[in-house]
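**Student:** Dock chain L against chain P, hints included.
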Amino acid sequence: MSNPGEEYYGGQPPLRRAAVTAILVSHDGARWLPAVLAGIAAQSVRPDYVLAVDTGSKDESVQLLSDALGHGAVIQEKLTTSFPKAIRRGLAEAPDSEWIWILHDDSNPEPRALENLLSVAALDPKADILGPKLREWPSLRRLLELGVTISGTGRRETGLERGEYDQGQHDDIRPVLAVNTAGMLVRRSVLKELGGFDNRLPIFGNDIDFGWRAARAGHKTLIVPDAVVFHAEAAHRGLRKTALTGRHTHLAERTAALYTLLANSTAALLPFQLIRLFFGSLLRVLGFLAVRAPGEAVDELAAVLSVYLKPGTIFAARRARSPLASNDARVRGLLAPRWLPYRHGLDFVGDLVAATTDQAADVAERRRAARMAERGEVAPVHRDEDEMAEDTGIVVRFLTNPVAVLMTGFLLLSLWLGHQALGAAALSGPGLSPVPENAGDWWQLHVQSWHPLSQGSDIATPPYVMPMALLASLLFGHPGAALAVLLLLAVPSATWGAWRFMRVIGRLADPRGFSKVLLIWGSITYGLVPVVSGAFAQGRFGVIASAALLPWFAHAALGFADPTSDRRWRAAWRASLLLMLMTAFTPLAWVYALLLTGLVLGLGYAFARGLLSDRSIWLPLVTPVLAVPVLLLPWFLPMILGGHPQVLLLESGRLPGPLAGAVDAMSGRLGGTAAPHWIGLLLGVLALIALLLPEGRRPVLVAWVAAAVAAVLLGLLSHLSLPLAVGHVRPGPGFLIVVIQAAAVAGVALALQRMLSGRGRIRQFGGLAALMLAVVVPLAGLGWALVSGDSDLAEDADTGIPAYMTQNAELAPERGVLVIGGTVHDGLTWTVQRGNGVTFGEDEILAFSDPDPKLTDTVSALISRPTPEVVESLAAQGIEYVVLPAPADAQVAAGFDATAGLAQASAENPQTRAWHLVPAPTGDFLTGHGSWMRWVLVGIQLGAILCVGVLSGPTTRREAR
Amino acid sequence: MSTESEHNEPEATRPEPGGSRASNSRATGSGRRAAGSSKRKIAADLPRRAGRRTAAVRDASPSQKALAVTLGVPLLTLAAMGVTSGSPTQPPAAVPPETTSLTTLQVVCPAPIATGGHVLLTSAKAAKSAGVQLRLGAHRQTAALGRFRTTTTGPTTAIVIDARGQLAPGLVASRVNDPQAAASECTAPLPEYWFTGVGAGSIHASRLELVNPDSGPAIADIEVLGGDGLVDVPDVRGVTVPGGSATTIDFAKVAPDRHELTLHVSVVRGRLGATMNDLYVARSTWHDWLAPQPAPSTSNVLLGLAKGGGQRQLVLSNPTENEVRAELRVIGAGSTFVPSGFQEISVPPESTVVKDVSQIVGTALAKEESGLLITGPDEDGISDTPPTTMLTASLRSIAGEDLSHAVAVPPVHEAGVIVPSGKATLVLAATDATGTASVTSYAADGKQVATKRVEIKKLTCLAVALPEAAKFVVVKAEKAPLSGAVRVESTKGVVTLPLTDLIVDALVPHVAAGSY
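Chains as they are written, first to last, in the working numbering: chain P, 7 to 967; chain L, 853 to 1368.
Chain P on its own, in the form it takes in the complex (with noise of 0.2 Å):
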């Protein structure tokens, strides 16, 4: 038997050293193997026998092995035989020796790595186990691990960032938990002393579960990193596919990882542990699906069911673990510190916020390179004055910034201005009604089919209420907090928009991109749009959250003009989100939109057909509109078939809308409290010179003809009178004029720029004489927004009706109050007020509900012959109190005190008159109907905002590598 180990003992001094048996575990190696055997030839210290286990490789590994060692030094094993049963099995044939040192068929040794393994082994005689350095192969210069150790969620941690190139940064012979079995040195004793590795570990995570037994046991483990050894880790990359690992490395190691942890850890964390990972993993699940890893997700889910539906496995592991000392302080110390998976967690989320909104900010410099590419020139490497890293503290690198100081200076003062929204859960005005109580009442609304409001409605919830519900229940379950953040938010939300999507217009029209003051004019002018509308003094909260959403919607929309299809598509997937969020809040963004993406279809068949036979290119501008309808299909859906179309004319919230005339529509108001018209005016004014600029007008025309198409969808819907269950009421022109104020602004920007940057003397004089000209617009739009502050919106404001009514019709949906309003000789009308009263989002339900004629039936009788049947039945229809708001007609109230079974009741307001009903409301026609049809539709709707976030999220590190 011929032997390296032998040959080179001969010639060496006799360094007093122990004898070391090389185990080299073998599957499929062929690619490294020639380089591993050298590696082991070329040694130092040459191990005093190389053994070697192959697993039923199928290339010419067993060839290369027999050639390098021997026939007699390579044991042929099965196919499946595991890694740990493979390490046992050579036990059983290696020589009696000291130490084992573990190789595998990826991971080469440096010359000195024996040698110096050894040496640390002689200078800490009790150190039974010993790591190398791992480096990666090819690369050589990364660092893999210099020890590793388990976090608390079954994270293998290396304490290195990712791609940490090996700077001697790590150097230090210090003990951890676990050691890589490739290189590992083991003394035959303690292998032996354990039982080998775990069997229920066949590839992944034996090391640690080993190295975390030798802890307990009260064996030393040393990191060496002297000793280093090029790693290729083929079978954790997934290089190399075995029976053992599966097709699913990543449901292996998750297994593996599961089963360490609940195997080990002490019996005292044992129920903590076993929620913590049950959760913990349907977590990570979660995550998986959100970056559009759905192998991973299901390779999660299946790790965690099957470590959890065979608990046999776990206990009969710690069984046998039971004879080893828990050592608890001592492993303690070696496991990772416990607040680290919330780092990662927080890194995670860091690395994808910033890659989402990252994503299109180029679509400019990625079309120019891909024109550069194709004309075969270099792409020059973009940088933002922004993005430069200088090395100056944070602080400094702010104040000294202009720009910053300008814009954290607006954003704080339109923060102020929307002080007003503090007072939100209280807060009502012309367009909005007040909150309820909490976020549950809302996703209650969202839910239900049959609504308790007036005599009962099935009328679909409102879109709005959905997300304003999210954002509720994210702030803890306050309605009120949720508007005030909509409210206060819209403004800085509008400008950080507009900046973004102007510094792309910016670069397409020009590769030079807008000047900071264009940015800073754009980007504050159209963030005023929804205080200088006068959405804001009208509580149109609607307007407002599409104003704040809509730059958002168009920098995704651009990225329809990228050159890949992959960020097409995605551009198409965010801007669907996008839209359907507008939609919600003002569904005439949707017809918007379908009209434009019709236009440009149009303008596409007319002029570039070729365009249109790609499908990579239209079918991602479509997609948006026709995503919209199924992301909001429980309102969408029953409200179109109902026979409601008018809904998505229909402005939201408190009825009726904002009345808007032709000044309005030219100077961005909304009609009624609003900023004054000169302003706007002043805008349009030279948005039209803009047009009539000879030279760059192609970027100004297109925003003109989006402002074209809003403002003839504009002009046209004025003149609808929509009919309502209850009178006519006319389309919301709101979400029109915010598009026609950014088209202005786009345009104007676009101009100014091509003027400023423009050669001639007079050129620059009259574009610099244009900017003082509009930066009169956002100047005094702020200063009237600081100095008037007009505002129609109130707190607490008073309904009409004694508050101890509304509280009472708290307390159950029959006790409704009826309200009864208007004159014996004009004629009078009754609603019914069941709980807090109308709040946000049930607006639109009773508008489209239609009235009850039983109920005016009963109504009519008690005005005109009130018997005491009369009264019993209205109590049947769920009517506890009757209010005649101040003034009351005289004669009803006169007739009402005549009526036996109505009690006169007591009003705050001496012109109020109110009665309750002696006969016991009842009324179980509010409630009992529920209907799986709603579960449906609100099911496909979350599946269809799951599905489409996960696909318009950005691409993930792993697939990209």
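Hints were generated in silico from the structure; no laboratory data involved.
Predicted, not measured: the structure shown is a model, and the values here were computed from it.
For glycine and all other residues, C-beta sits at the position ideal for the given N, C-alpha and C.
Among the hints, a few may not be true.
As the list claims (entries may be wrong) - Listing some non-contacts, in silico: residues in chain P with all C-beta distances to chain L over 12 Å:
#1 37
#2 41
#3 68
#4 73
#5 814
Said to hold, decoys possible - Per the computed footprint, the stretches of chain P lying under chain L, defined by three or more beta-carbons under 8 Å from a beta-carbon of chain L, are:
#6 653–667
#7 858–868
#8 908–918
Stated by the list, open to error - Simulated restraints on C-beta separations:
#9 L:983 x P:909: 27 to 33 Å
#10 L:1342 x P:906: 39 to 45 Å
#11 P:926 x L:948: 35 to 41 Å
#12 P:832 x L:993: 36 to 42 Å
#13 L:1100 x P:428: 54 to 60 Å
#14 L:994 x P:856: 46 to 52 Å
#15 P:802 x L:993: 51 to 57 Å
#16 P:428 x L:931: 54 to 60 Å
#17 L:1290 x P:832: 29 to 35 Å
#18 P:926 x L:983: 50 to 56 Å
#19 L:1285 x P:909: 44 to 50 Å
#20 L:1342 x P:909: 44 to 50 Å
**Tutor:** Showing chain L alone in chain P's frame:
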């Protein structure tokens, strides 16, 4: 589409183009320069072109076309914005109430002044004869009611006459005092009552009687208009009258005042009947009821004035917050004129003024039947005036050895009045337009004793003598509403009863669901 993209997808990743086939599939329809260019390049190029859709517009057309687009788009935009309408939708139209036959009617009669006296009741419309209930609290009695037939009953307290079903329309009742000539019509509960010329002193003292016909409590707020603005009388703010009971307020006790007062009784809860029992001490002690005016008016007509020599005091009140300069005119049999030497009467805001008009009225009545017309300035009694010149008016006469009141009540369309015994004269006046009226008198047994058709010229008044047997008179104004009163002279004194409309119909308001 799908077949094409199927072989597009794999090709897009190939470094070399798929050859002529791919180029052909591209070229179809677009005629682009696709031949020979790589697929990768196309993929990069296409969306860029998509982003410059308008560029395509210009590329494809000469500068004229571009100019047309450049001008057309803003013109279209501006035009569309120009026609944008900011007008709201039509608000729902007011729907007037429907008129239906009355099915229930309660009228409230005051308590007798002293002992004695009767309540007389009849009906102008009742379709059958039957008993009606007279009640107050626990007191219950029934009385027969027939069409035109006058029934006399003798309750000694205030009473509510409760007519139901077919008996309800056209119910008329009066409280008549026997020892002295005094009478009061029994009124259906009104939301408001104005009593002009209320006394709260020793010579002139008035007592307000409030009767609640329903079972629940009723509350009245009483405003007192004195000689110098509103008088604060805490005791009469929020007077509660329990169900089925009567309350009397003596103004000499709660608000002693030598000046004449005007009371504005507003019923804020429930229903109340209100009557004013007036006491005047001069050469003798006289009692009579002061009839209420349902609302201030711009045009106040006082008719049925007591004849003979005596003292006549015109009491005016101005409930508005501005001073009103009232104009007094005499409506004679032939014309209406301003009495010579008479100045406008200035009525301060929220105040009551008393004007002695003995001379004017005495002179006019001596000549012919006359009435008084009191209007605000620039008010001819015809056209509508803004409500800033609203007034209430009454004339207190101590003439014919008795106290009597003439109160301004609104013109009537069809009125019925029970005539106390004595020489009765119906006085009619037309203020708005010339009108005609049919006057029909019925005896106590319901037999018609006389009927007459008269014409009253605009701004004149007319006296119609009623037959002695007449117990119930129905006046039907045929062209225009008329003001009227019945004056009854007897040995006991004078009674003036204003004509008020019969209550026949109920207004059924239109009821609809309201918007939230």
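**Student:** Indicate, hint by hint, whether the structure satisfies it.
**Tutor:** These are the hints, each one checked on the structure:
No beta-carbon of chain L comes within 12 Å of the beta-carbon of residue 37 (chain P); the shortest separation is about 26 Å. The claim that residue 41 (chain P) lies off the interface holds: its Cβ sits roughly 32 Å from the closest Cβ of chain L, which is beyond the 12 Å cut-off. Its beta-carbon lying about 38 Å from the closest one in chain L, residue 68 (chain P) satisfies the requirement of being farther than 12 Å from that chain. Every CB of chain L is more than 12 Å from the CB of residue 73 (chain P) (nearest about 40 Å), matching its label as outside the interface.
Non-interface status of residue 814 (chain P) relative to chain L is upheld: no Cβ of that chain comes within 12 Å, the nearest being about 19 Å off. Counting residues of the region 653–667 of chain P whose beta-carbon sits less than 8 Å from any beta-carbon of chain L gives 5, enough to reach three: the coverage restraint holds. A count of 5 residues in the region 858–868 of chain P with a Cβ less than 8 Å from any Cβ of chain L is obtained; the coverage claim is therefore met, three being the minimum. Counting residues of the region 908–918 of chain P whose C-beta lies closer than 8 Å to any C-beta of chain L gives 3; at least three are required, and the coverage claim holds.
Against the hinted window of 27 to 33 Å, the Cβ-Cβ separation of residue 983 (chain L) and residue 909 (chain P) comes to about 31 Å, which satisfies the hint. Separation of residue 1342 (chain L) from residue 906 (chain P) is about 44 Å and conforms to the stated range, judged on CB atoms against 39 to 45 Å. Distance hint check: the CB atoms of residue 926 (chain P) and residue 948 (chain L) are about 36 Å apart, consistent with the given range 35 to 41 Å. Separated by about 41 Å at the C-beta atoms, residue 832 (chain P) and residue 993 (chain L) satisfy the suggested range of 36 to 42 Å.
For residue 1100 (chain L) paired with residue 428 (chain P), a C-beta distance near 58 Å keeps the hint of 54 to 60 Å intact. Checked against the hint of 46 to 52 Å, the pair residue 994 (chain L) and residue 856 (chain P) passes, with Cβ atoms roughly 49 Å apart. Range check, residue 802 (chain P) to residue 993 (chain L): about 55 Å between beta-carbon atoms, so the 51 to 57 Å window is met. Restraint check, residue 428 (chain P) to residue 931 (chain L): a C-beta distance of roughly 43 Å breaks the suggested window 54 to 60 Å.
One distance hint, 29 to 35 Å for the beta-carbon pair residue 1290 (chain L) and residue 832 (chain P), holds here, with the actual separation near 34 Å. The given range of 50 to 56 Å is broken by residue 926 (chain P) and residue 983 (chain L), whose C-beta atoms sit roughly 37 Å from each other. The supplied range of 44 to 50 Å is met by residue 1285 (chain L) and residue 909 (chain P), whose beta-carbon atoms lie about 48 Å from each other. The beta-carbon spacing between residue 1342 (chain L) and residue 909 (chain P), approximately 48 Å, falls within the hinted interval of 44 to 50 Å.
Figure legend: structure checked against the earlier numbered hints; hints not met, in rising order: 16 and 18.
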